[in-house]
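*Asks:* Sequence:
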Amino acid sequence: MADEAAADCLFERLRLHQQRAPDSTEVARALTARINSRLTSHDKHVRQSTLEKLWNKQTGAIQMLLSILENSRDTATSTYITSILREALCLKQGKGKKCSVINETSGQKKREIKKTGKENKPPLNKKANNIARHQCAQHFISLNGTQVMIRTILATHGKRDGNVGTELMLQDLVWIIAALSPKDAKFAMKVRMLGCVRTMHLILKGHFTDNKLIFPLLVIMKQLAKNPVTTSILIRDGVIATYERVLVSLGFIPTARLRLCLDAIDYFSKNKVCCMQIVKTGLCSVLLRVFDRWDRYEGRMRLKICAHILQTLQHLCNIKAGRRALCTKKHVQTLHRFCSQCPDEPEFDGLLARVCSVITLCLKHQALPVPVTSPASFNLNPILKGTNTSWPCHDDEEEAANSDSKTINSDLDEDGPDTDVEGIDEFPDVEFDENEMKPEGNEEPSKGQIKSGDSLQSALWINPNERDLEDLKKYFIFFKEFGSYNKQVKLVKSRSNSRGSILEDFLISQSSNRNVMSSLNLSLTTNLGSIEYENFTGPSQSPSFLQGYHRIHESASTTSCSSLKIHKDISKFSSFPSVYSTISSRVKSVIPFVKVAYPDMMGGQGASQPEPLNKMERTACRNKLLSCVDRAINPEAYMSEVVFDLDTLSSTPSATNADSTSQKSSESLFLTNVDEQEITKVNSFSSRLSFESRFESGNLRKVIQTGPREYELILMPDVNSTKRHQWFYFEVRNMQQGRPYIFNIVNCEKSDSQFNFGMKPVMYSVKEAVLGRPGWVRAGSDICYYRNSYHYANQKSHNKCYLTVTFNIEFPHTNDVCYLAYHFPFTYSMMLTRIWHWSTQMPVGSYLRVEPLCYSLNNNEVPLLTISAEDSPSNPIVDREIIFLTARVHPGESNASWVMDGTLGCLLADAAPAAALRAKYVFKIVPMLNVEGVVNGCHRCGLTNEDLNRRWCKPSPVLHPSIYHTKGLIEYLVRVWKKPPLVYCDYHGHSRKKNVFFYGCAGAESWCSNDRLVQDEPVKYLMLPALMHRISPAFALGSCSFRVERERESTARVTVWRHLGVTRSYTMEASFCGFDRGPFKGFHLNTQHLQNVGSDFCEALNGLNDNATNVDIQLTKDINGEIAVDSEPGSGSDSVLKTDSDEDFD
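If you use the working numbering, the sequence shown corresponds to residues 1 to 1146, in order.
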């Protein structure tokens, strides 16, 4: 009690002094000396009571001391105050003691306690004191204490009088600033603004051999190194040379000082100028000498020291001089020695991967053994001739999706968007023209509508140039279910309160002006038969290109029809394989096909039983990584025999003579499959495998045999592109049973892959299928994904390396024909065959119409499906809500087509729930938006080398016909029929996350401030995900996101929500991999799961109600309330409304 009373008396006197006689130097000196003597007393109780008074905010002691320090000119008083503050703020008491000594002592005590069996309980006082110090530091920072300390150290260092008191004060100040620097988020900025950056460097220069100051100085310099601006200042001031001397003086003893020094160098080396200085000063060699002693270090300190050095070396590889410095024989041997001696323990796997990355980066750049230009090229000039369209519009770099720094939670797969940030999404992909920035007519926004914080880009997003109504009017031909044209006019007039209707005005204008032709000849004219078109425009207006068009006449009893030319003359009694072969033979491709793939011809279904996720074999992956490095160092020690080369096959006379422009129409060649005959032939026991990929959706460019049973595979880029390699689908022959074959796909681009997190490729065995066993199954072992030694060919990304996905395959039979793929393939021909199959067996009372929405750039049909129930007086079809669904805008997302297949199968089923859905809604479905990409085995783009899901804001009718006309249909419903779709959903696949989930749009979570001002109705857009959460076991509510991001503005989801006003606008994402929660946790997704998701979505639509009841509101509470229970670490957001940066496939 006496101690507390004495402390109270001292602080009260200090307060009175500050109020009454702040200029009395002697009083301040005496009081601060008394407080300092109590803090340095040998009596623990005296020290503790004084510290508690300092830590207590109510006493205002810290604020008083700061005020006195700032205003005092007395050196002794300032010295006492800095000593007091050091005791109050610094966690380590014992001035000048090595942290490593403290850590070692505490570690020995813990081991002794463990041996004696005593319970290891840290003193409560020590823990409480540490917490109090932390809180005091935060309070100190809030009182601008950091700035006071920086100014004081500037003044102290400026004196340089050699006084002992000044030197002691400098030590205390350095320790105080070191304690504050990690806790103050704006520390580097404050140091820079006060002009203290070079001063801190000067102090380090003068005291790097001082054991009492080197540790706190290194802490401060590390914090300054984290800021790029202060880093630049320090580099210009020669900090690298200083650090080279510091590193030499510290020696190679693994202490916290060495770790801090290396950590700061790691941060500095992110600057390329710094990398050059590291090379010039010889610091690179010093770092490697430290690294070469890794086996003498112990514990976590060894891992941290090695990690900092390797990260620095990786940064050095970003410049040519750095690679040249590392590529010496001595340095490569040092790194390679680590590879051979690295302990086989999990904690060293990360270090091994970094060492291998450094070796491959610093070696001589090795290009892929294929020409830069791929054989998959399509001549767009004939299409663009006579139009105002220019190409390329924009090269979709997708740098964010492929960036090494991209992570799932970094916002913004891929794979979104597939970031799946082929992504981050991470895909800002829109060009702005000066003329486009000017809104037209009455659409010009007032200055008050666009806030000053919003850019011109936001004005474009919110006020886009709308389509001409003359174009939109013609889309009513796609709504034949509403009756004849005259009937449609009456329906619109009865729904509108205005005089007449735009449809009526349009018909009148057509009768007075017969020369008006639609600019939509890509789509509309192919849907109108000559008789229908004459009824619409008059007999004289029937164009020549419509003559002889095959028209299907509908009678009142007809429930389904298909006006697709590709379905012409196919008997309804034909088998699925024969129909598939017929349709596939009529499909036009860029590279001529030579066969039909057996799995697609047989329906392409996968195994129905659950297949567990792969468990990574560390040892096998480590061996493959080391083998890759060894091959990069000693390429002459490995085989290199080309066994398949699509470039050569495409350049043969038989291929070039068929069509010089590579735009091959295969109508003259009927494609078949003879795999069943091939597997019955006598075994040939070939010494190498045989490959093929010239079939629909196939993708394999070159195969090089590098070992007796090891092959390097190179994938094709997208058409008219040099990149975007992920999707693969190819055939293998001449294998032997029971022998593992190693496949290394060496030109992958994404920085990480689900292959490292449990995903396996899929395999289809023809022999297994003939025996009646499952078709597509997950296959492969020793699967891993890592960076290799092949560099990008273009100059912009010349320093980037490709990545390898490697897996071992044991084929189930000898002399089999097997197919391997990234995911379960779903081809264009399979979709058309499935549609034909459904049209031949429609349930009673159902309505199905299939028509071409438009033609693709290579003249393949893009089908539009209309599904509903037949019109009836009790349930008029015109009163039903419209559901609009699309899929496969990214061709590599075959899982999206399987989900769509499940949706279509459910809607066209002969079951009561399906009948209820058809009676409730009219479904408009475009099941494949990117037909050309799917046909030609592309991953993300079509024939124009553009991501079509970044073209919704302003699509081109010439280059992006499917997007242009799909958006036109929705815009017609919104602007002409004044009845927007109830739900719009775009089906996608995701390459970076597991499970199935939604992306939606919430104004409250938008990047645009105008959106956040509008009142939201969350129950509307949250109800469907909540229903899916209850219905579908594959659905993961915790992975959903409703964030609207600036870089997603040109996607279908955001465009339909913002421009067309559809509140329930979603992207449904299905993983390529599997599940990490729910009843299927730990298992792969298969085709049955994906189809069930499609049917579950239909069930959720059946439960959707626009009038939210209490039950519906309670249903949506799961999303923001119980979501955390459903989520697992690393699987998704804790809140649905939280941003998800991995929207790599959206």
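Derived from the structure by calculation, the hints contain no laboratory data. The reader is advised that the hints may include incorrect statements.
With a cut-off of at most 25 Å between alpha-carbon atoms, the simulated BS3-like pairs for lysine-lysine come out as follows [unchecked claim]:
#: 1; residue 1: K304; residue 2: K270
#: 2; residue 1: K226; residue 2: K190
#: 3; residue 1: K473; residue 2: K127
#: 4; residue 1: K474; residue 2: K490
#: 5; residue 1: K280; residue 2: K270
#: 6; residue 1: K978; residue 2: K487
#: 7; residue 1: K159; residue 2: K53
#: 8; residue 1: K490; residue 2: K473
#: 9; residue 1: K330; residue 2: K280
#: 10; residue 1: K979; residue 2: K487
#: 11; residue 1: K979; residue 2: K493
#: 12; residue 1: K767; residue 2: K800
#: 13; residue 1: K474; residue 2: K330
The model shown is predicted, which means the values in this text are computed figures rather than measured ones.
*Asks:* Next step is simple, just say for each hint if it's right about the structure.
*Replies:* How the hints compare with the structure:
no.: 1; hint: K304 with K270; in the structure: holds, 18 Å
no.: 2; hint: K226 with K190; in the structure: holds, 14 Å
no.: 3; hint: K473 with K127; in the structure: violated, 75 Å
no.: 4; hint: K474 with K490; in the structure: holds, 16 Å
no.: 5; hint: K280 with K270; in the structure: holds, 16 Å
no.: 6; hint: K978 with K487; in the structure: holds, 16 Å
no.: 7; hint: K159 with K53; in the structure: violated, 33 Å
no.: 8; hint: K490 with K473; in the structure: holds, 15 Å
no.: 9; hint: K330 with K280; in the structure: holds, 18 Å
no.: 10; hint: K979 with K487; in the structure: holds, 17 Å
no.: 11; hint: K979 with K493; in the structure: holds, 13 Å
no.: 12; hint: K767 with K800; in the structure: violated, 42 Å
no.: 13; hint: K474 with K330; in the structure: violated, 74 Å
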